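Work out the full structure, taking the sequences as your base and the hints as a guide.
2 protein chains.
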Amino acid sequence: MNFDKITIIGVGLLGSSFALALKRVGINAVITGVGRNEEKLAKAEELGIIDEHTTIAADGVVGADLVLLAAPVGQLENIAEDIRNDLKKGAIVTDVGSVKGDLVRKIEALMPEGVSFVGGHPIAGKERAGFEAATSDLFWGAKCIITPTPETDKDALEKVTELWKQLGAKVFHMTPDEHDEIYSAVSHLPHVVAYALVNSIAGLREDILDFGGRGLKDMTRIALSPTELWKDICSQNSDKILKSLNDFSSNISGIIKRFEKSDWKGLEEEFLKAKEARQRLESD
Amino acid sequence: MNFDKITIIGVGLLGSSFALALKRVGINAVITGVGRNEEKLAKAEELGIIDEHTTIAADGVVGADLVLLAAPVGQLENIAEDIRNDLKKGAIVTDVGSVKGDLVRKIEALMPEGVSFVGGHPIAGKERAGFEAATSDLFWGAKCIITPTPETDKDALEKVTELWKQLGAKVFHMTPDEHDEIYSAVSHLPHVVAYALVNSIAGLREDILDFGGRGLKDMTRIALSPTELWKDICSQNSDKILKSLNDFSSNISGIIKRFEKSDWKGLEEEFLKAKEARQRLESD
Chain A
1 MNFDKITIIG VGLLGSSFAL ALKRVGINAV ITGVGRNEEK LAKAEELGII
51 DEHTTIAADG VVGADLVLLA APVGQLENIA EDIRNDLKKG AIVTDVGSVK
101 GDLVRKIEAL MPEGVSFVGG HPIAGKERAG FEAATSDLFW GAKCIITPTP
151 ETDKDALEKV TELWKQLGAK VFHMTPDEHD EIYSAVSHLP HVVAYALVNS
201 IAGLREDILD FGGRGLKDMT RIALSPTELW KDICSQNSDK ILKSLNDFSS
251 NISGIIKRFE KSDWKGLEEE FLKAKEARQR LESD
Chain B
1 MNFDKITIIG VGLLGSSFAL ALKRVGINAV ITGVGRNEEK LAKAEELGII
51 DEHTTIAADG VVGADLVLLA APVGQLENIA EDIRNDLKKG AIVTDVGSVK
101 GDLVRKIEAL MPEGVSFVGG HPIAGKERAG FEAATSDLFW GAKCIITPTP
151 ETDKDALEKV TELWKQLGAK VFHMTPDEHD EIYSAVSHLP HVVAYALVNS
201 IAGLREDILD FGGRGLKDMT RIALSPTELW KDICSQNSDK ILKSLNDFSS
251 NISGIIKRFE KSDWKGLEEE FLKAKEARQR LESD
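From first to last, the protein sequence lines stand for chains A and B. Okay, so the first sequence: first residue is 1 according to the working numbering, each after it adds one. Okay, so the second sequence: first residue is 1 according to the working numbering, each after it adds one.
These are computed hints drawn from the structure, not numbers from a lab. Certain hints may be false.
Claimed, not checked - Which bits of chain B does chain A cover? Going by a derived footprint, with three or more residues having C-beta under 8 Å, they are:
1) 182 to 192
2) 208 to 218
3) 222 to 229
4) 240 to 248
5) 269 to 275
What the hints assert, rightly or not - Pulled a few chain B residues facing chain A out of the computed Cβ check, cut under 7 Å:
6) Thr54
7) Thr55
8) Phe259
Owing to the predicted nature of the structure, the values given are computational and were not obtained by experimental measurement. The beta carbon of each residue, even a glycine, is placed where N, CA and C say it ideally should be.
In structure tokens, the structure reads:
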């Protein structure tokens, strides 16, 4: 692969970890960081995460071989509009957004002749945001979903795939809609449930969360995630998340019925089914 | 405190960790382990967790100054009946059950003249069960809820409180019903929700959990908990858990309405409220 200049738009947790990971595996491109906050960008440059920076996205992408859109998903479409006229012929644009579907189709449509867009989603979030939380091994061993469409350039797809593999990720290809269906269930639903669980518990009395143990902590940790980001994910994948929420709500209703009927045997069977399914996820 | 003989009924995670913690802080009582599985008991004795063992609870408690009921909550009432006639005058009986309320009142009523029962619940579970998972520091820094009733002997209450403090626990006193109300929300509800969440997700397609990231893992880890234990907890605290489940279900319904109305601003406000509440739980 031949990337002389890589531009990362959004120098937060994912963008900065991507930059650090590139350096770690020896990809010697000049890394340009683009963000809204000059002070933070200067700090990230000072720390050696990025090599140069600008607050103007269109300036930052000039001459870039690869552009990574790593801003919150709610901003990606606007950013694509801002940069489209300044992308060089042959440039590849990719992203790390948690929602694909419509977003991939919109960005794809915005790309000028000769520029390829390849949607991506590394499964490597944290509750803590910002370049301060970035690490060069964030993607090492993580899954990365790449979402080609019939329009996706085969060569660009292969380059993006190879790059993520080089950074240590396990790459899966699927359609944008399949991605959104799977992640509405395994990621978006759990986040929404975590927020709801905290509110439902905290509503009882002010100090109640203080009595929680490790189980509650683990289970509600993702309720510390950035709320604006999750609001955007919800609005952009709303149909599929709504379906997941309705499935989940039916499941809870079924459990409530078992409690009302004192059906403890049936309840234990459900618990056992869940336990067996959960064991599929490797333990840690 | 003067405990020459301490009997632990149920040599699983909590019972064994209690035994190890006693030794660690230098309480030199003879520790008798009682369980149903002779082979496991012999192994625990061989490992030095307990000093002697028996499979007959009534035999095990003879001469004991302190008896810890550390079997699953569904068995505690029967065990109390089995041992009541063999407890010595002046003995203190306590437990580690996740449910108090009725159970405390029932066990209290079973205790003979001169024997004191003090209900207890250390907040220190793990998904992994058994003496193999036990550690001498399981209770260090953990909360331990002690649930005195108007019948509780003051001297026994103080002794049990001091013992848990000696093992490093932060002790809180509250009524059995207050305990059950709080823990129906901060512990029992989250467990039920974790099982329901896994089933709801796993219902979509067989391999779907494989795509989950760290957030899903953290959130569903407690679905690995022993199902029989949690079935018992649910049946023994059913009214309060049912109320918690209904509160939670209303909360989910409210979120579904926001999705249906595309009320993203309102959704983000709920997320923010949850995030702020969750920040009360110290991070780790």
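Hint check results:
Under a criterion of three residues with beta carbons nearer than 8 Å to beta carbons of chain A, the stated coverage of the stretch 182 to 192 of chain B is upheld, 9 such residues being counted. Counting residues of the stretch 208 to 218 of chain B whose C-beta sits closer than 8 Å to any C-beta of chain A gives 11, which meets the bar of three, so the coverage hint holds. For the stretch 222 to 229 of chain B, the proposed coverage by chain A is satisfied: 6 residues have a C-beta within less than 8 Å of a C-beta in that chain, meeting the threshold of three. As drawn, the stretch 240 to 248 of chain B meets chain A at 7 residues by the rule of a beta-carbon pair under 8 Å; at three or more, the given contact holds.
For a cut-off of 8 Å, the count of residues in the stretch 269 to 275 of chain B with a CB near a CB of chain A stands at 6, and the three-residue condition holds. Because the beta carbon of Thr54 of chain B sits about 30 Å from the nearest beta carbon in chain A, more than 7 Å, this interface hint is broken. The beta carbon of Thr55 of chain B is not positioned within 7 Å of any beta carbon in chain A (closest approach about 25 Å), and the interface hint is therefore violated. Residue-level restraint check for Phe259 of chain B holds (minimum Cβ-Cβ distance to chain A is 5 Å; threshold 7 Å).
Checked against the numbered hints listed earlier, the structure breaks hints 6 and 7; every other hint is satisfied.
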